[in-house]
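J.: Residue-level listing of the chains:
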Amino acid sequence: MAAADTRAVARAPAAGPMRTAALPGERGWRAATLAPALVVFLGLTLLPMLNLLVLSFHDVAWAERTASWSFVGLANFRALPGDGLFRAGILNTLIFAVVAVGLQMVLGFGLALLTSAVVRGKLVYRTIFLLPILIPGIVIGAIWKLMYSFDFGVINTITGLLGFAPQDWLGQGHLALASVIVVDVWHWTPFCFLLLLAGLESLPQDVYEAAAIDGANGWQRLVHITLPLMIPTLVVTFVFRMILAFKVFDEIYLLTGGGPGTATEVISFSIYRRFFTEDRAGYGSAMSIVTFFGIALLIILITAFLRRRETGR
Amino acid sequence: MDQVKAVSARLRRWGMAATVAIPALLAAAGPSWAADEAPITIVINQSPWFAGFQKTVELYEEETGNSVELDVNPFAGSLEKQRSAVRAAESPFDLLVINAGFFVEMYAGGFLQPLNEIDPDFKLDPGIYTFDDSVYWNAETKLPDAQNGVLLTVPINPFIPLLHYRSDLYEEKGLSVPETWDQLLENARALNDPPAMYGIVQRGARGAFDVTYDMLPYIGSHGGGIFRDQKSGDFTITINSPETLAGLETYLKLAKEAGHPSTAGQSQANVIQNMATGKAGHILAVLAASTFDDPNQSIVAGQVGFAPPPHAEGHPSTPPLGHWLGGIPKNIPADRQKAALAFLKWFQTEAAQKAYAEAGSPPVSRAVLESDMAKEEQFRWMGALAKALPTAQLTFVIPESAEILAITELGFNQAISGEVPPARALNRMAEEIAAVMTKAGYDAPRLDPLPE
Chain A
1 MAAADTRAVA
11 RAPAAGPMRT
21 AALPGERGWR
31 AATLAPALVV
41 FLGLTLLPML
51 NLLVLSFHDV
61 AWAERTASWS
71 FVGLANFRAL
81 PGDGLFRAGI
91 LNTLIFAVVA
101 VGLQMVLGFG
111 LALLTSAVVR
121 GKLVYRTIFL
131 LPILIPGIVI
141 GAIWKLMYSF
151 DFGVINTITG
161 LLGFAPQDWL
171 GQGHLALASV
181 IVVDVWHWTP
191 FCFLLLLAGL
201 ESLPQDVYEA
211 AAIDGANGWQ
221 RLVHITLPLM
231 IPTLVVTFVF
241 RMILAFKVFD
251 EIYLLTGGGP
261 GTATEVISFS
271 IYRRFFTEDR
281 AGYGSAMSIV
291 TFFGIALLII
301 LITAFLRRRE
311 TGR
Chain B
1 MDQVKAVSAR
11 LRRWGMAATV
21 AIPALLAAAG
31 PSWAADEAPI
41 TIVINQSPWF
51 AGFQKTVELY
61 EEETGNSVEL
71 DVNPFAGSLE
81 KQRSAVRAAE
91 SPFDLLVINA
101 GFFVEMYAGG
111 FLQPLNEIDP
121 DFKLDPGIYT
131 FDDSVYWNAE
141 TKLPDAQNGV
151 LLTVPINPFI
161 PLLHYRSDLY
171 EEKGLSVPET
181 WDQLLENARA
191 LNDPPAMYGI
201 VQRGARGAFD
211 VTYDMLPYIG
221 SHGGGIFRDQ
231 KSGDFTITIN
241 SPETLAGLET
251 YLKLAKEAGH
261 PSTAGQSQAN
271 VIQNMATGKA
281 GHILAVLAAS
291 TFDDPNQSIV
301 AGQVGFAPPP
311 HAEGHPSTPP
321 LGHWLGGIPK
331 NIPADRQKAA
341 LAFLKWFQTE
351 AAQKAYAEAG
361 SPPVSRAVLE
371 SDMAKEEQFR
381 WMGALAKALP
391 TAQLTFVIPE
401 SAEILAITEL
411 GFNQAISGEV
421 PPARALNRMA
431 EEIAAVMTKA
441 GYDAPRLDPL
451 PE
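As they're listed, the protein sequences go chains A and B.
The first sequence begins at 1 in the working numbering and counts up one residue at a time.
The second sequence begins at 1 in the working numbering and counts up one residue at a time.
Be careful, since some hints might not be right.
Derived DSSO-like pairs: lysine-lysine, alpha-carbon spacing no greater than 27 Å straight-line [said to hold, decoys possible]:
1. B:Lys231 to A:Lys145
2. B:Lys256 to B:Lys173
3. B:Lys81 to A:Lys247
4. B:Lys354 to B:Lys338
5. B:Lys55 to B:Lys173
6. A:Lys145 to B:Lys123
7. B:Lys354 to B:Lys387
8. B:Lys55 to B:Lys256
9. A:Lys145 to B:Lys81
10. B:Lys330 to B:Lys354
11. B:Lys142 to B:Lys231
12. B:Lys173 to B:Lys338
Okay, the calculated bits of chain A under chain B, using three or more residues with CB under 8 Å as the criterion [unchecked claim]:
13. 58–65
14. 126–138
15. 166–174
16. 297–303
Per the computed footprint, the stretches of chain B lying under chain A, defined by three or more beta-carbons under 8 Å from a beta-carbon of chain A, are [unchecked claim]:
17. 72–86
18. 414–426
Calculated directly from the structure, the hints in this document are not laboratory data.
Please read all numbers here as calculations on a predicted model, not as lab measurements.
We put the CB at the ideal spot given by N, CA and C, even for glycine.
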């Protein structure tokens with residue numbers, strides 16, 4: 001039958017009250033009900049972005065309690081490539097996001113697989129694994145800063161007992177970014193775990209039953225059933241985490257302040273410095289605009305790439 | 001009936017008497033429960049001297065009945081709050097406690113009310129330090145100027161870096177208090193026994209005005225600096241002079257030969273922690289005597305001595321002024337301005353300054369600093385502070401300090417961490433500072449680059 005008939009039904013004009021053409025008064029009603037949401041969107045999203053864009057073409061100075069805006073054209077944007085802090089921020093943010101999110105995805109998926117296979121006490125495991133994400137960022141900063149402390153930290157105490165020399169985890173250029181990544185992985189793996197566990201638990205069980213009848217082993221079920229079915233969830237989780245990782249600020253602010261040198265400088269922190277500490281509103285806005293569009297473009301490209309792999313087109 | 005009238009008349013008389021007497025009694029009973037001024041809010045940073053300031057504020061409330069709320073923030077957070085406050089229609093804060101690194105921004109932006117416009121009779125007590133005239137501002141020349149400027153602030157804290165050393169270990173090893181960097185190096189080497197004890201712990205981490213501040217005593221006392229002579233209008237950039245390089249190399253030599261292995265990562269809190277836990281032989285830091293002498297916070301109580309920062313042979317000790325100034329914003333109502341000035345008036349009295357010192361914070365009154373209090377063991381730091389203050393210098397007299405500090409904080413930190421060699425770091429800083437100064441319209445010539 002029926003495939004052709006189904007399509008015919010789908011294309012037929014819909015019957016019933018939901019599909020009738022809107023009356024002129026009804027159009028007005030629809031517009032009126034949508035208007036508040038539109039106003040909120042314009043007020044909270046579009047206008048601040050437009051303000052930031054306008055600001056990025058200006059320099060702002062204060063005299064006699066009055067701000068004077070001077071138009072500088074593209075000067076703020078042209079200065080960006082020569083800004084060492086901005087360049088370091090971009091590079092470190094990319095390294096941070098890719099490594100941290102990559103590790104979180106692998107660990108989160110592994111933990112989700114293990115937890116989904118548990119028959120008894122699943123709630124206990126889920127609660128334990130979720131704990132780090134419930135701790136406020138400021139507390140995480142304090143905890144890890146103490147743990148990493150060269151002189152008083154528990155990590156150096158333990159490695160010292162094992163016969164290793166103490167390391168300056170946050171103060172050496174080659175270790176600092178890796179140390180911050182470890183904290184981020186600890187903090188955000190539960191987020192990946194939670195989403196991926198929800199995805200795993202919603203997979204259709206009949207496919208696994210059929211595979212079991214066909215004699216597929218665990219590895220084959222993982223590679224040929226679980227992973228392909230999980231790709232939409234994996235993509236969403238990955239994109240969510242990438243967006244959050246590009247915005248990392250609190251961990252850097254609390255643990256290293258971007259140092260030593262520029263070893264842990266990330267783009268959010270560079271913007272904060274330029275915009276707020278140095279009080280360069282125009283230049284900080286230009287950094288923000290470029291970063292915003294850069295991240296948006298990157299996320300679109302990543303999503304398109306993963307979707308293409310998912311659909312095979 | 002007559003009796004009723006008589007009683008009524010008597011009651012009326014008593015009532016009238018009470019109307020006159022009760023307020024008089026209230027006034028006579030003292031201000032401890034009758035506030036004269038509007039409540040004020042002071043925005044301040046969390047520093048080693050804050051606890052003493054808090055106690056002094058409590059004393060002011062107790063003595064006057066006036067109410068003061070303290071809004072306490074980290075160093076950079078305090079600056080950002082102050083900026084937002086003075087640029088708003090009405091400031092939520094009535095008194096801004098502004099650091100030496102950023103006060104010109106507040107002056108030049110026209111954000112502070114001249115104190116004599118609030119009270120024409122107000123005068124800075126002659127016994128109060130003016131810290132290189134930084135309390136006055138000449139809007140025409142855009143420079144601190146005691147002769148032709150107006151009084152904008154009252155000093156709150158006289159911070160400069162002081163050498164803190166372990167006096168017990170000095171005695172044990174027969175060391176003398178160092179006057180030069182070479183002597184300090186010798187002493188630091190003598191005490192250096194890592195990881196149990198570092199000869200010296202220096203702040204090297206970058207922040208808003210962190211590593212630059214702690215680097216300046218080394219640089220200044222070798223004849224170097226960021227600019228040649230700002231107060232006379234000579235903005236020649238000298239941060240890449242051979243003298244500045246010599247200062248930076250002295251810092252690095254101390255760090256390498258007798259310092260903490262993680263100097264680039266040391267914040268002020270780390271430096272103080274190392275001294276308080278007995279792991280530092282020396283630190284060069286703003287005064288933290290109240291912390292070190294408190295047995296609840298320190299294992300070296302009574303064992304820390306104080307001295308002016310050392311200097312290179314042939315140069316004076318030149319600590320940078322890191323003092324704090326109290327200013328009143330223009331954008332608050334007159335009654336709150338008056339109330340904030342009332343606090344400043346009280347704060348500069350000798351009695352308040354003594355109480356401030358007793359509470360653990362260094363006073364801004366020369367009279368107190370040089371008084372007999374300095375002879376008491378508890379206030380042994382006063383002598384060092386009084387000796388070091390006369391040669392202390394302002395680091396910035398231009399409003400672009402925040403931008404310049406961002407450059408120097410990164411540059412010095414990179415040099416300390418080894419990310420960039422010292423000469424290259426200084427050349428880069430000079431180049432970047434020149435760009436800031438040129439953009440701001442200054443004539444700021446540069447020296448020839450140092451050989452890299």
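J.: Each of the hints needs a verdict: does it hold here or not?
T.: How the hints compare with the structure:
1. Between lysine 231 of chain B and lysine 145 of chain A, the direct Cα distance comes to roughly 42 Å. Violation of the 27 Å bound is thereby established for this hinted pair.
2. Annotation: proposed proximity of lysine 256 of chain B to lysine 173 of chain B holds, straight-line Cα distance about 22 Å (limit 27 Å).
3. A hinted pair counts as satisfied when its Cα atoms are at most 27 Å apart, and lysine 81 of chain B with lysine 247 of chain A qualifies at roughly 23 Å.
4. Distance restraint check for lysine 354 of chain B and lysine 338 of chain B: the Cα-Cα separation of roughly 24 Å lies within the 27 Å cut-off, and the hinted pair is therefore satisfied.
5. Among the hinted pairs, lysine 55 of chain B with lysine 173 of chain B is inconsistent with the structure: their alpha-carbon atoms are about 38 Å apart, more than 27 Å.
6. Between lysine 145 of chain A and lysine 123 of chain B the alpha-carbon distance is near 47 Å, which puts this suggested pair outside the 27 Å criterion.
7. Our distance criterion of 27 Å between C-alpha atoms is met by lysine 354 of chain B and lysine 387 of chain B, whose separation comes to about 19 Å.
8. Taken as a hint, the lysine 55 of chain B and lysine 256 of chain B pair is broken in the structure, with Cα atoms around 40 Å apart against an allowance of 27 Å.
9. At roughly 26 Å between alpha-carbon atoms, lysine 145 of chain A and lysine 81 of chain B fall within 27 Å of each other, so this suggested pair holds.
10. The suggested pairing of lysine 330 of chain B with lysine 354 of chain B is violated, with an alpha-carbon distance near 30 Å, which exceeds 27 Å.
11. Note on lysine 142 of chain B and lysine 231 of chain B: the hinted pairing holds, with a Cα-Cα distance of about 10 Å set against a maximum of 27 Å.
12. Among the hinted pairs, lysine 173 of chain B with lysine 338 of chain B is inconsistent with the structure: their alpha-carbon atoms are about 55 Å apart, more than 27 Å.
13. Here's how the stretch 58–65 of chain A fares: 4 of its residues keep a CB closer than 8 Å to some CB of chain B, so the rule of at least three is met and the hint holds.
14. A count of 0 residues in the stretch 126–138 of chain A with a Cβ less than 8 Å from any Cβ of chain B is obtained; the coverage claim is therefore unmet, three being the minimum.
15. Counting residues of the stretch 166–174 of chain A whose CB lies closer than 8 Å to any CB of chain B gives 6, so the stated coverage by that chain holds, three being the minimum.
16. With a cut-off of 8 Å between beta carbons, the stretch 297–303 of chain A has 0 residues touching chain B; three or more are needed, and the interface restraint is violated.
17. Under the rule that three or more residues need a Cβ within less than 8 Å of chain A, the assignment of the stretch 72–86 of chain B holds, with 5 such residues.
18. Remark: the stretch 414–426 of chain B is confirmed as covered by chain A, as 6 of its residues place a Cβ nearer than 8 Å to a Cβ of that chain, reaching the required three.
Hints 1, 5, 6, 8, 10, 12, 14, 16 from the list above are not met by this structure, while the remaining hints are.
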